[in-house]
Amino acid sequence: MARGFDGADIQAGRLPSAEYEANFADLHPPLSGHEALVAADRCYFCYDAPCVTACPTSIDIPMFIRQIATGNTAGSAKTIFDQNILGGMCARVCPTETLCEQACVREMAEGKPVEIGRLQRFATDHQMAAGTQPYTRATPTGKRAAVVGAGPAGLACAHRLALHGHDVVLYDAKPKPGGLNEYGIAAYKTVGDFAQAEADYILSIGGITLELGKALGREITLDGLRRDFDAVFLGMGLGGVNGLKIEGEELAVSDAVDFIAELRDTKDLSSLAIGRRVVVIGGGMTAVDAAVQSKLLGAEDVTIVYRRGQQDMNASLYEQDLAQTKGVKIKHWARPVRVIDDGARRGVEFEYTRQGAGGLEGTGETFVVEADMAFAAIGQTLEPGGLDIALDGGRIQVDDDYRTSLDGVWAGGDCVSRGDDLTVTAVAQGRDAAEAMHRALTA
Amino acid sequence: MADIRNDFAGIKSPNPFWLASAPPTDKEYNVVRAFKAGWGGVVWKTLGLDPHIVNVNGPRYGAIWGADRRLLGLNNIELITDRPLQTNLDEIKRVKRDWPDRAMVVSLMVPCEEVCWADILKRVEDTEADGVELNFGCPHGMSERGMGAAVGQVPEYIEMVTRWAKQNTRMPVIVKLTPNITDIRYPARAAMAGGGDAVSLINTVSSITAVDLDVMAPEPTIDGKGSHGGYCGPAVKPIALNMVADIARDAEMAGLPISGIGGITTWRDAAEFMALGAGNVQVCTAAMTYGFKIVTEMIEGLKNWMDSKGYERLDQFIGLATPNVTDWQYLNLNYVTKARINQDMCIQCGRCYVVCEDTSHQAIASTKDGKRHFEVIDAECVACNLCVNVCPVEGCITMEPLAAGAVDTRTGKVVAAEYGNWTTHPNNPAKVAAE
Ligand SMILES: Cc1cc2nc3c(=O)[nH]c(=O)nc-3n(C[C@H](O)[C@H](O)[C@H](O)COP(=O)(O)OP(=O)(O)OC[C@H]3O[C@@H](n4cnc5c(N)ncnc54)[C@H](O)[C@@H]3O)c2cc1C
Ligand SMILES: Cc1cc2nc3c(=O)[nH]c(=O)nc-3n(C[C@H](O)[C@H](O)[C@H](O)COP(=O)(O)O)c2cc1C
Ligand code: SF4
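Protein sequence lines, in the order shown, are assigned to chains A and B. Just so we're aligned, residue 109 is where the first sequence starts under the numbering used here, counting upward by one. Just so we're aligned, residue 34 is where the second sequence starts under the numbering used here, counting upward by one.
Okay, chain A solo, but in the shape it has when bound (with noise of 0.2 Å):
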């Protein structure tokens, strides 16, 4: 639990109830089927379009907006599925602005790029609420697999795998599957309990047992995994957080990530302690969703502190101007000291830092931004958990086929080496990680 400060003023019940719930809206409301139409006409059926190279899942983009076009809004759905069976969730949280929508001729033509998200969520949406997926599985092969983590890596392996005819276990640590889905994403990206929803829809391909409370290292082993299976998937995410190891960082500092995962099991959000003023540590998509949270909890100074400049940070610039709209303060170019909790002040302090010959320096000057709560959101590592498996840059290692150092284990999403820490990147391993262990398994 988010803690703060002790005696600092934490509250829950900031708003009155009504504006808990507008606050959590959807950030990004459906389209009606007008509003699809002609945002789908905006599409120009590009040649070799460039949103789709930018997609990382590769979804034939021009094609799915056709078919909305067209009225054939099933047909859409399918084109989305077959690349990236959490369409739906990656409709809603994809950075589009950094991904197609960026790539999209008319954000260089008009600054106005297609709503390939938000026109990808009706198509999704549509299909989804039929409650039918359009694909049917192969005849079974006989094979086994495990996956670990039902996060959007793990799901995207395990349908696929199902879909192939393998029969697969599903095995995650927490009560619910998602991962990040259920527990990390912004609550206003995905209202409406729209990931278990996601992850019902995405089992129901049939194939896969789900096995929730066990962990890899309590209850489950690798080695007992890759004896029990003829291949395994890991896609456990990233569990550990870097901490910020300043002084007094005990007497304040929460996880950002701990507090979101919290937020994002609340049902009742007037519930929720939240202080007067905040400050979040970090430049990424955590900060910027703690330090919106902690705002739309009714907190009334929210401060982001970065230790960079604004384009280093990994937050999108779409995310910062919502940071920004939302009444939240970015600071750039400090970094924390030490936490200060002396009965006159409490906070943090920060110094200043600039871009030196050797890398980021301090310069010397302070100040202190107060607070009565602080979080840190500075970088998940991976909880390798005993695992004996060859690491690149503290995550694993793998090869073009999501292949570990390991014989008959695959890993993707964010617990691997390459790609951004994405849903939409862990959905692409998941997916070419499950077409390498099919091909392994029928070879």
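Worth flagging that the hints you see were computed from the coordinates, not collected in a lab. Treat the numbers as computed from the prediction; the structure is a model and nothing was measured. Just so you know, not all the hints are guaranteed correct.
As the list claims (entries may be wrong) - Derived pair list, reagent style DSBU-like, types lysine-lysine, alpha-carbon separation capped at 35 Å:
#, chain 1, residue 1, chain 2, residue 2
1, A, 220, B, 404
2, A, 375, A, 437
3, A, 284, A, 353
4, A, 353, A, 434
5, A, 220, B, 326
6, A, 220, B, 401
7, B, 270, A, 220
8, B, 270, B, 126
9, B, 45, B, 155
10, B, 69, B, 342
11, A, 251, A, 282
12, A, 186, A, 282
13, A, 297, A, 322
14, B, 404, B, 60
15, B, 404, A, 186
Stated by the list, open to error - Just so you have them, the derived chain B footprint on chain A, three or more residues with Cβ under 8 Å:
#, segment
16, 138-149
17, 213-224
Every residue gets a Cβ at the ideal spot worked out from N, C-alpha and C, and that includes glycine.
On the provided structure of chain A, position chain B with the ligands as indicated by the hints.
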């Protein structure tokens, strides 16, 4: 400021924008609203004999839409007026009395017997209307009863009925033509031969706009069945322009006033009809799509454009484009152009490339130094202009003429300075010797 007062076959109106005979001109209430909005004249909804006809009580319209449900084409199965003749005549008389400066033309359709025409013309004259329009165009319903397009498709009937009309009235007679024929010049010449003062065209094009795939019947569907209707709106404008031009440049019909109709939606559409020889224009679908207020845009737009071109009166530009409509055989084959892509404007969609590659002449390259880049290959470009038409950026691809003396790398030939057409081309078996 340009003066856009109009004199069409002796009928005067403050501007050349009339409402065509259709629902917008169905009764006093609509027409008064139209005049208040600024329309120069109306052709009253077609009158017939009593007992008046009846319309279907289900849907009358079918439609074709473009982006954002913009209505591009409308199809209807409405018949002529479904109100008693005297009611219409009384209203026409009142409106004309109250709006003396506006053109009031009355559209008529009665059976092919002289007495019917003589009788109704007499009664229309009593209203003080400015003229009549003979509806030889309606392609549905009425044609099954030997009227409308059934007359308009037989030049002899057109001539006969027009003559009856002229013999029985002093009012100017406009003959409204159907486009549902193969060569518009024959019915138009017949109208002229019968003594008609003017022609107006086009009436609607026979059409089925869509099929309901659940009911398996054409739309609009009336209790499981549909019948063909008449198509109008922006989609029919190209058909109408061509027919207007055919009449305007026909030597036999020189000087015959033409009222241009078909898909006119903006001042520009109107100017195009008039440039091809129409003396004024009539509008139906645009008003039925947006309401009467659009005439303000038409009036102001036309005046602005005339001012920018230095035209003070309509007759200064009416027909200016007519002489430039010619037959294919007279087009200059020595005029050689090449497509040019403006790289600064190009947004890299690649549509030009794929259509040229798949469906035309493989004359656009899609990469340069391994990068996405679209450029015309002169040695392959036949100058068809398809790339220009599919490019989403207006003005990005242009057709640039080669100067005389330059070599066309596609044919290897030097571009000739002089005009040369098919009639003298060596490949033409029927060529005439060039002087
Ligand atoms: C706060 C936050 C916001 C984000 N916002 C976005 C966004 O808006 N858009 C976007 O594209 N990306 C976003 N991301 C990144 C995105 O969520 C991840 O890249 C993506 O979820 C990675 O998927 P994954 O399947 O590899 O891992 P995860 O989603 O982390 O899933 C891993 C799963 O493995 C399980 N697990 C872990 N260890 C074990 C074990 N030992 N045994 C069994 N199961 C285990 C976990 O319980 C979890 O269910 C965000 C990330 C965070 C932290
Ligand atoms: C619903 C409807 C009813 C029409 N009724 C008549 C009519 O009674 N008499 C007539 O001459 N033309 C009639 N027309 C044809 C129009 O006058 C006009 O010639 C045709 O619609 C083309 O013009 P537009 O493209 O501006 O609509 C009708 C058109 C419509 C849409
Ligand atoms: S607008 Fe619609 S409701 Fe009104 S008369 Fe026409 S068809 Fe009927």
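We went through each hint and held it up to the structure:
no., hint, result
1, 220/A <-> 404/B, "24 Å, holds"
2, 375/A <-> 437/A, "28 Å, holds"
3, 284/A <-> 353/A, "32 Å, holds"
4, 353/A <-> 434/A, "30 Å, holds"
5, 220/A <-> 326/B, "32 Å, holds"
6, 220/A <-> 401/B, "27 Å, holds"
7, 270/B <-> 220/A, "32 Å, holds"
8, 270/B <-> 126/B, "33 Å, holds"
9, 45/B <-> 155/B, "21 Å, holds"
10, 69/B <-> 342/B, "29 Å, holds"
11, 251/A <-> 282/A, "26 Å, holds"
12, 186/A <-> 282/A, "30 Å, holds"
13, 297/A <-> 322/A, "28 Å, holds"
14, 404/B <-> 60/B, "64 Å, violated"
15, 404/B <-> 186/A, "31 Å, holds"
16, 138-149, "holds (count 4)"
17, 213-224, "holds (count 4)"
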